[in-house]
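There are 2 protein chains.
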Amino acid sequence: MNANASWPHVLILGGGFGGLWVTRALRRAPVRVTLVDRSNHHLFQPLLYQVATAGLSGPDVAAPLRHILRRQRNITVLMDEVRGIDLAVRKVALAHGVLSYDYLIVATGSTHAYFGHDDWARHAPGLKTMDDALAIRRRILGAFESAERESGAGARDAWLSFVVVGAGPTGVELAGTLAEIARHTLPREFRNADPGRARIHLVEAGARVLPAMPEPLAAWTRRRLQRMGVEVQLDAAVTAVDGEGVTLKDGRRIDARTVLWAAGVSTSLPDAQFDAPRDRAGRVHVAPDLSLPRHPEVFVIGDLARVEQDGKPVPGIATTAKQMGRHAAHAVRDRLRGRTPRAFRYRDYGTLAAIGRGAAVVDLRGFRLTGFVAWWFWLVAHLFFLIGFRNRLVVLIDWAWSYLTWQRNARIIVGNDRDSRG
Amino acid sequence: MNANASWPHVLILGGGFGGLWVTRALRRAPVRVTLVDRSNHHLFQPLLYQVATAGLSGPDVAAPLRHILRRQRNITVLMDEVRGIDLAVRKVALAHGVLSYDYLIVATGSTHAYFGHDDWARHAPGLKTMDDALAIRRRILGAFESAERESGAGARDAWLSFVVVGAGPTGVELAGTLAEIARHTLPREFRNADPGRARIHLVEAGARVLPAMPEPLAAWTRRRLQRMGVEVQLDAAVTAVDGEGVTLKDGRRIDARTVLWAAGVSTSLPDAQFDAPRDRAGRVHVAPDLSLPRHPEVFVIGDLARVEQDGKPVPGIATTAKQMGRHAAHAVRDRLRGRTPRAFRYRDYGTLAAIGRGAAVVDLRGFRLTGFVAWWFWLVAHLFFLIGFRNRLVVLIDWAWSYLTWQRNARIIVGNDRDSRG
Numbered sequence: 001m002n003a004n005a006s007w008p009h010v011l012i013l014g015g016g017f018g019g020l021w022v023t024r025a026l027r028r029a030p031v032r033v034t035l036v037d038r039s040n041h042h043l044f045q046p047l048l049y050q051v052a053t054a055g056l057s058g059p060d061v062a063a064p065l066r067h068i069l070r071r072q073r074n075i076t077v078l079m080d081e082v083r084g085i086d087l088a089v090r091k092v093a094l095a096h097g098v099l100s101y102d103y104l105i106v107a108t109g110s111t112h113a114y115f116g117h118d119d120w121a122r123h124a125p126g127l128k129t130m131d132d133a134l135a136i137r138r139r140i141l142g143a144f145e146s147a148e149r150e151s152g153a154g155a156r157d158a159w160l161s162f163v164v165v166g167a168g169p170t171g172v173e174l175a176g177t178l179a180e181i182a183r184h185t186l187p188r189e190f191r192n193a194d195p196g197r198a199r200i201h202l203v204e205a206g207a208r209v210l211p212a213m214p215e216p217l218a219a220w221t222r223r224r225l226q227r228m229g230v231e232v233q234l235d236a237a238v239t240a241v242d243g244e245g246v247t248l249k250d251g252r253r254i255d256a257r258t259v260l261w262a263a264g265v266s267t268s269l270p271d272a273q274f275d276a277p278r279d280r281a282g283r284v285h286v287a288p289d290l291s292l293p294r295h296p297e298v299f300v301i302g303d304l305a306r307v308e309q310d311g312k313p314v315p316g317i318a319t320t321a322k323q324m325g326r327h328a329a330h331a332v333r334d335r336l337r338g339r340t341p342r343a344f345r346y347r348d349y350g351t352l353a354a355i356g357r358g359a360a361v362v363d364l365r366g367f368r369l370t371g372f373v374a375w376w377f378w379l380v381a382h383l384f385f386l387i388g389f390r391n392r393l394v395v396l397i398d399w400a401w402s403y404l405t406w407q408r409n410a411r412i413i414v415g416n417d418r419d420s421r422g
Numbered sequence: 001m002n003a004n005a006s007w008p009h010v011l012i013l014g015g016g017f018g019g020l021w022v023t024r025a026l027r028r029a030p031v032r033v034t035l036v037d038r039s040n041h042h043l044f045q046p047l048l049y050q051v052a053t054a055g056l057s058g059p060d061v062a063a064p065l066r067h068i069l070r071r072q073r074n075i076t077v078l079m080d081e082v083r084g085i086d087l088a089v090r091k092v093a094l095a096h097g098v099l100s101y102d103y104l105i106v107a108t109g110s111t112h113a114y115f116g117h118d119d120w121a122r123h124a125p126g127l128k129t130m131d132d133a134l135a136i137r138r139r140i141l142g143a144f145e146s147a148e149r150e151s152g153a154g155a156r157d158a159w160l161s162f163v164v165v166g167a168g169p170t171g172v173e174l175a176g177t178l179a180e181i182a183r184h185t186l187p188r189e190f191r192n193a194d195p196g197r198a199r200i201h202l203v204e205a206g207a208r209v210l211p212a213m214p215e216p217l218a219a220w221t222r223r224r225l226q227r228m229g230v231e232v233q234l235d236a237a238v239t240a241v242d243g244e245g246v247t248l249k250d251g252r253r254i255d256a257r258t259v260l261w262a263a264g265v266s267t268s269l270p271d272a273q274f275d276a277p278r279d280r281a282g283r284v285h286v287a288p289d290l291s292l293p294r295h296p297e298v299f300v301i302g303d304l305a306r307v308e309q310d311g312k313p314v315p316g317i318a319t320t321a322k323q324m325g326r327h328a329a330h331a332v333r334d335r336l337r338g339r340t341p342r343a344f345r346y347r348d349y350g351t352l353a354a355i356g357r358g359a360a361v362v363d364l365r366g367f368r369l370t371g372f373v374a375w376w377f378w379l380v381a382h383l384f385f386l387i388g389f390r391n392r393l394v395v396l397i398d399w400a401w402s403y404l405t406w407q408r409n410a411r412i413i414v415g416n417d418r419d420s421r422g
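Those protein sequences? They're chains H and D, same order as listed.
Just so you know, we're using my numbering here: the first sequence kicks off at 1 and counts up by one.
Just so you know, we're using my numbering here: the second sequence kicks off at 1 and counts up by one.
Next comes chain H alone, as it looks inside the complex:
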């Protein structure tokens, strides 16, 4: 329905899973909605690692927000950046203007955190945005190109050594795919360097890979990674990162010209924006209905919200963000009707992680799958949730082609590194 100027204004910051699902759930509500995102697209983050590892092209895992929402006449999409939130006067400052709101949904998500070592960022890029993915792709493919140029064996080995920091789902996916690229995709294409000699180190501060998964699945994943040629280092916190490699807390040194960061996560809003209490990762302790304490007109959702259920925090994954998004939309409608919103309840539909070709782990609330069956489950689930019919078809073709040929479809280096890499 078309927006009516007298309707309350719902301002949504962020077009990820949280923000997009709020927006969709407000389709038939008597509100004017403005969705602000700093990029023009919704990103299907669960497959972003495949863009970074040259399996998919960027547009395969992204769709323009205004295209997704084109039929929703009560919404305006703006590409802009949030500069500040003034809760007292209900205004949000953007890079290109100021917007007032009646209801505010904050869904700007998380970014990677370097535990106070921001100087590590230029040596060890993280994976959150499309530009991150293209930068990582440039580093990975560029490292093999650099190895091919080197005449000395030592310099070549340093280019053929990769460290992935953090063994959560993203770290596992990156390390597994890197091993496949080195062992299967590239070998016959180089004359001087031997990609098959590449070393892939997966370095994790904790005692196991995939800490959110049940222990047997984590153990299975570690063994599978090792069989693929990934060197898994547990209890190995990183204490230094530079252009030549990383140092571990026991003093060991791993020489590697390419370090990828899949460890810390931090919220992407400055602490000063809210006077609500926050946890160590910067997540806001929200009220049971996801609103901000003392600000019932403000909801904080997705990776930004700290919600505990059954004694532990709900996981920061896409499913959670979607559920919170739908809940926030219902809460706004409840408020409009003078009702008190219900408390948010997280429904656990299970977690899953891909390791590589034909290998994944799936935990559906106790029902566990590993290996090829899990991988099919992972594949169908991701394809199903991927937004936009055309993307699904092209992604399916890309995957089938990769599977049959071991090739990667997007081995194209774009952009320039603005760092000091040789």
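Worth flagging that the hints you see were computed from the coordinates, not collected in a lab.
Predicted, not measured: the structure shown is a model, and the values here were computed from it.
Built from N, CA and C at the ideal position, the CB exists for glycine as well.
Accuracy of the hints is not assured; some may be wrong.
[Stated by the list, open to error] Covered by chain D, according to a simulated footprint, are these stretches of chain H (three or more residues, beta-carbon under 8 Å): (1) 56–62; (2) 188–195.
[Stated by the list, open to error] Derived Cβ-Cβ restraints for the label pairs, each shown as a range: (3) Thr247(D) / Arg337(H): 52 to 62 Å; (4) Phe384(H) / Phe367(D): 42 to 52 Å; (5) Thr247(D) / Ile387(H): 41 to 51 Å; (6) Pro315(D) / His96(H): 37 to 47 Å; (7) Asn4(D) / Ala155(H): 24 to 34 Å; (8) Ala400(D) / Ala212(H): 22 to 32 Å; (9) Phe384(H) / Ala400(D): 38 to 48 Å.
Could you slot chain D onto chain H? The hints should help.
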């Protein structure tokens, strides 16, 4: 066959159509070949405008050079940049080293030229590389996003005004596609700006569009563009370009926040590299066999070479570069056998240009096609010549999908503009 260290070394600079076709034609020659390119991929330039206009994704029109050439055992591919050529000692300085050669093929192609106004470059990007295409895509999509953010009608109109400078094939393709995006792809997706009000100006210094095409086809193209909503300005040389628009030689001013450059072409090697005579565009006057005067071991091909045939220069198109590439390879083989290479003869297979959905012009040595039939011819020809089976399939799906839905499949803004655009 595997390379033998005693074989002569053929060094090829540039992996475009010229360089790649030399390399392939040397497959069975008793030579060691090194192909150097500053990017890791061969680019199918005839479709690059579709990446710039968000119809195709980057990897659709590019393939890694070392993947294309993986079975050719006598070749090494290096990703590196040429810094200088020393003809006297037969060495080429690269950013990461120095290579000697017995035979040198220079095929580094052309870049856009601003007729001495290099400061125009940041306001009016040209289209030669993948990064150029992504930068232009960012500008085009970003302009509509900016228009949606503006509250004043004047500022909105400036963002909805586009100037394409130069009405050769690239300029015609860009202008036609821009008109389609504005009229058909975007309209329903904006709430504040009206993309249908966008003005697309195609500005040409000469007396007609498509100067290399027969006059009736040029006239047909101009009428077709006008019917699509493109404002074609002929005899309109540009005398100034800034962030607010362009000034024409008769003093007229076109306000436009987005200016795209499809006019001048210049060679991408500095003039100082060769002591051979050059034409105004910097092209080297080569010997009839494409070698450099007084340097029979050096061949200059593709857009870098000035060759006249039947009283006029051969056109700087992909077909020419491929023919020159094959010729240079034969010439090297002739020299190795002590024979004198033949003179290069350009074979004109015809020229073609796309204007938009269902519209193209084709000139096959006098046999002319326009409209829908020409467009089919254009489509099949481009699909046929596109490198890599998988790309063809995905491109075909993308095209079919676009045709049926008027949508563009790659409307994803990546990277940051490092210029001063609002």
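Review point. For which of the previously enumerated hints does the structure constitute a violation, in increasing order of number?
Key: Those not satisfied are hints 8, 9.
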